[in-house]
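Chemist: Chain by chain, the residues run as shown.
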Amino acid sequence: MSNISHSSFLDENPAQVEPPLQPSKSVVVTVSDPRGLHLRSGRDVVRIASRFQARITAANLSRNTNAVDLKSILQLMQLQARQGHSLHLAASGPDADAAIEALCSLF
Amino acid sequence: MQQLFHGLSAAPGVGIGNIYKYAPVAPDDTGGTSAPPAGDPEEEWERFLAARLLVDEELARLAQIGQTATAEIFLVHREILHDSTLTDAVRAAIDAGSDATRATRQATGELVRLFQGLSDQYFASRATDIRDVGQRLVFRLGGITPARQLNPLPDDTILLAEDLTAFDTTHLDQAHVVGIALAASTPTAHTAILARSLGIPLVCSAGAEILQLHTGMFGVVDGIRGRLLVDPDEETLEQYELTRSRLRRFQAEALSQSHEPALTPDGERIPVRVNVNSREDLLHIHPNGAEGIGLLRTENLFQHRTSPPTVSEQLAAYQDVHSYTNNHSLTVRLLDIGGDKPVPYLQPPAEANPFLGVRGIRLLLRHPQMLIDQAQALIELAQNVSPVDRIRILIPMISKVNEVRQTLELLEEIPGYRHCRRKLGTLEVGVLIEVPSAALLAHHFAPQVDFLSIGTNDLAQYTLAADRVNSAVATLATPLDPSVLRLIALTCEAGRAAGIPVAICGEVAGDPSVQPLLLGLGLNEISVAGPAVPLVKSAIRRVDMDAARELAATALKCSRAQEIHQLLHDIG
Numbered sequence: 001m002s003n004i005s006h007s008s009f010l011d012e013n014p015a016q017v018e019p020p021l022q023p024s025k026s027v028v029v030t031v032s033d034p035r036g037l038h039l040r041s042g043r044d045v046v047r048i049a050s051r052f053q054a055r056i057t058a059a060n061l062s063r064n065t066n067a068v069d070l071k072s073i074l075q076l077m078q079l080q081a082r083q084g085h086s087l088h089l090a091a092s093g094p095d096a097d098a099a100i101e102a103l104c105s106l107f
Numbered sequence: 001m002q003q004l005f006h007g008l009s010a011a012p013g014v015g016i017g018n019i020y021k022y023a024p025v026a027p028d029d030t031g032g033t034s035a036p037p038a039g040d041p042e043e044e045w046e047r048f049l050a051a052r053l054l055v056d057e058e059l060a061r062l063a064q065i066g067q068t069a070t071a072e073i074f075l076v077h078r079e080i081l082h083d084s085t086l087t088d089a090v091r092a093a094i095d096a097g098s099d100a101t102r103a104t105r106q107a108t109g110e111l112v113r114l115f116q117g118l119s120d121q122y123f124a125s126r127a128t129d130i131r132d133v134g135q136r137l138v139f140r141l142g143g144i145t146p147a148r149q150l151n152p153l154p155d156d157t158i159l160l161a162e163d164l165t166a167f168d169t170t171h172l173d174q175a176h177v178v179g180i181a182l183a184a185s186t187p188t189a190h191t192a193i194l195a196r197s198l199g200i201p202l203v204c205s206a207g208a209e210i211l212q213l214h215t216g217m218f219g220v221v222d223g224i225r226g227r228l229l230v231d232p233d234e235e236t237l238e239q240y241e242l243t244r245s246r247l248r249r250f251q252a253e254a255l256s257q258s259h260e261p262a263l264t265p266d267g268e269r270i271p272v273r274v275n276v277n278s279r280e281d282l283l284h285i286h287p288n289g290a291e292g293i294g295l296l297r298t299e300n301l302f303q304h305r306t307s308p309p310t311v312s313e314q315l316a317a318y319q320d321v322h323s324y325t326n327n328h329s330l331t332v333r334l335l336d337i338g339g340d341k342p343v344p345y346l347q348p349p350a351e352a353n354p355f356l357g358v359r360g361i362r363l364l365l366r367h368p369q370m371l372i373d374q375a376q377a378l379i380e381l382a383q384n385v386s387p388v389d390r391i392r393i394l395i396p397m398i399s400k401v402n403e404v405r406q407t408l409e410l411l412e413e414i415p416g417y418r419h420c421r422r423k424l425g426t427l428e429v430g431v432l433i434e435v436p437s438a439a440l441l442a443h444h445f446a447p448q449v450d451f452l453s454i455g456t457n458d459l460a461q462y463t464l465a466a467d468r469v470n471s472a473v474a475t476l477a478t479p480l481d482p483s484v485l486r487l488i489a490l491t492c493e494a495g496r497a498a499g500i501p502v503a504i505c506g507e508v509a510g511d512p513s514v515q516p517l518l519l520g521l522g523l524n525e526i527s528v529a530g531p532a533v534p535l536v537k538s539a540i541r542r543v544d545m546d547a548a549r550e551l552a553a554t555a556l557k558c559s560r561a562q563e564i565h566q567l568l569h570d571i572g
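Here the protein sequences come in this chain order: A and B.
Position one of the first sequence corresponds to residue 1 (the working numbering), numbered consecutively onward.
Position one of the second sequence corresponds to residue 1 (the working numbering), numbered consecutively onward.
Among these hints, one or two may not hold up.
[As the list claims (entries may be wrong)] Stretches of chain B that chain A covers, calculated by requiring three or more beta carbons in the stretch to come under 8 Å of a beta carbon on chain A:
#1 78 to 90
#2 104 to 118
#3 125 to 137
#4 319 to 329
[Claimed, not checked] If the Cβ cut is set under 7 Å, some of the chain A residues that face chain B in the computed set are:
#5 Arg43
#6 Gln75
#7 Met77
#8 Gln80
In case anyone wonders, no lab produced these hints; they're calculated from the structure.
If you're wondering where the values come from, they're calculated on a predicted model, not measured in any experiment.
Backbone N, C-alpha and C define an ideal beta-carbon position, used for all residues, glycine too.
Please construct the entire structure, taking both the sequences and the accompanying hints into account.
Modeler: See the structure below:
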């Protein structure tokens with residue numbers, strides 16, 4: 001995971017991995033969009049996340065970022081997620097399972 | 001004295017006029033002390049919500065007019081407008097005693113600073129979007145916004161700024177702005193998209209030096225070649241006036257036909273491709289109707305790391321780029337690096353003059369494993385493509401015939417090379433002609449390769465011994481100098497004799513008015529910056545090949561660049 005080739009074309013910082021916190025449901029996904037998680041695709045993620053009651057966060061493992069609120073596009077952008085980056089998604093709340101399942105289909 | 005600033009072409013066209021320097025103040029920095037005392041927090045929150053509703057309606061309206069790309073900007077801005085991170089911050093500031101206007105400035109200002117600090121350029125540029133939304137809100141709250149300085153503007157204004165928001169661009173006096181020059185920004189920023197849809201020539205990334213220029217100075221924005229000229233000399237100005245009137249005539253037509261192939265009236269098809277420096281350039285390929293990538297620079301892949309990228313890392317990067325070529329070919333320039341851009345793992349010797357030192361193929365032949373790994377990745381890619389979207393390896397900085405032979409020998413040994421190049425037809429090898437000796441001796445190696453590509457920027461620099469980014473000598477390094485044209489002609493002759501195509505990938509190729517000369521000299525393929533593609537294609541469709549050959553023959557007899565410029569005017 002520390003050697004993600006798609007991101008290396010323009011990104012300068014190789015990835016560092018840190019063990020994530022353990023909430024009620026979590027998963028690691030890889031960004032497949034060639035343009036990364038840009039404003040437009042990010043908008044879809046926020047839309048889906050906002051449908052659930054669960055608190056949903058994401059951290060970019062490839063950039064070693066803090067976890068941010070996935071229901072905010074402005075926080076999502078701070079992940080600076082490019083194609084090939086690994087994101088750790090975590091949900092806690094009554095519909096956490098469903099939320100993670102729905103979000104996984106977007107990556 | 002004429003001053004020349006190099007930037008990136010972001011919206012095509014030529015604008016001639018007087019500079020107006022725009023220095024916006026950040027939304028959080030203005031009107032703090034003169035603001036009315038804050039009312040009850042609930043009242044201020046209501047004011048904010050009312051302003052937000054007005055901005056939302058405005059953005060929804062803007063999204064309905066204009067092109068899809070423009071509409072997307074406003075939809076994204078609506079998303080930011082309603083974002084909980086922003087509104088929570090506004091609410092917190094209001095609860096802490098600020099009025100709605102100041103709370104909005106504070107909240108957006110903090111987010112802008114946060115984004116500006118991000119390392120990835122795409123995400124850092126989103127600061128502009130946040131500032132934009134902040135300005136719209138402050139405007140509706142009755143506060144002062146810097147965009148008020150942008151309307152009205154005098155006739156023939158060249159707007160000069162560090163950057164513009166989409167809000168600035170939609171509120172500026174469009175009828176009177178003939179060109180925009182930005183110190184920062186990128187060709188994919190929203191401002192560039194808007195400028196293209198408004199038909200205003202735009203040069204971005206021109207560097208902080210342009211901010212030293214003053215309002216009232218006379219200048220030219222060259223959105224075709226990505227330049228800003230200040231106080232142009234008479235001859236240059238005349239050329240630009242002619243180019244401008246020609247461009248106006250066929251701009252509209254060019255855009256409507258950008259996805260059609262470029263065929264001369266005699267039926268000769270000229271592929272028009274793009275030069276790619278960054279990931280952002282990839283996004284220009286399809287919208288402009290380009291036929292693949294004529295030059296992919298690969299230095300980014302090798303810099304800022306402690307060891308060279310592995311074959312599989314490279315393969316993944318090239319595969320990614322190839323997915324943007326729209327089923328057209330991908331020309332990849334082998335690592336072209338020298339002492340000016342050192343990479344730590346190569347331990348390059350310190351050189352007094354790296355442009356005449358160990359760079360390009362000279363460096364690769366000293367580190368053959370680097371060359372082999374890069375070629376291996378490209379060959380692996382070539383095994384999974386068709387001849388239509390084939391892979392073309394371009395060898396940089398060739399100055400000796402021997403270097404071509406040595407490179408080909410190394411390539412021969414790589415598994416899959418012969419199969420792809422000779423059986424499948426999915427791999428080609430070409431030489432970049434950028435050193436005068438390579439042009440003079442091209443007939444010796446042309447029969448061993450599949451194409452030649454002329455890099456006119458370096459060819460002009462090396463022929464005329466003038467650095468084109470040194471403004472004191474930059475005008476000497478014109479590719480339209482008769483000496484450079486003769487080298488181009490020799491290269492084309494060598495290509496023709498060997499039965500292989502000759503491409504051009506220098507800046508000059510983006511100028512529509514030189515297409516008759518280029519085709520007349522015998523060039524078969526053109527590679528330019530993305531935004532220039534529609535106008536170049538359109539110009540090619542007007543080239544009468546007999547007249548073009550005659551023009552080239554006349555140009556080759558000229559003794560001065562000025563005469564060649566004159567010839568181009570006469571036919572325009």
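Chemist: Give a verdict on every hint.
Modeler: Consistency of the hints with the structure:
| no. | hint | verdict |
| --- | --- | --- |
| 1 | 78 to 90 | holds (count 6) |
| 2 | 104 to 118 | holds (count 4) |
| 3 | 125 to 137 | holds (count 3) |
| 4 | 319 to 329 | holds (count 4) |
| 5 | Arg43 | holds, 5 Å |
| 6 | Gln75 | holds, 5 Å |
| 7 | Met77 | holds, 5 Å |
| 8 | Gln80 | holds, 4 Å |
Hint check: no violations occur; every hint is consistent with the structure.
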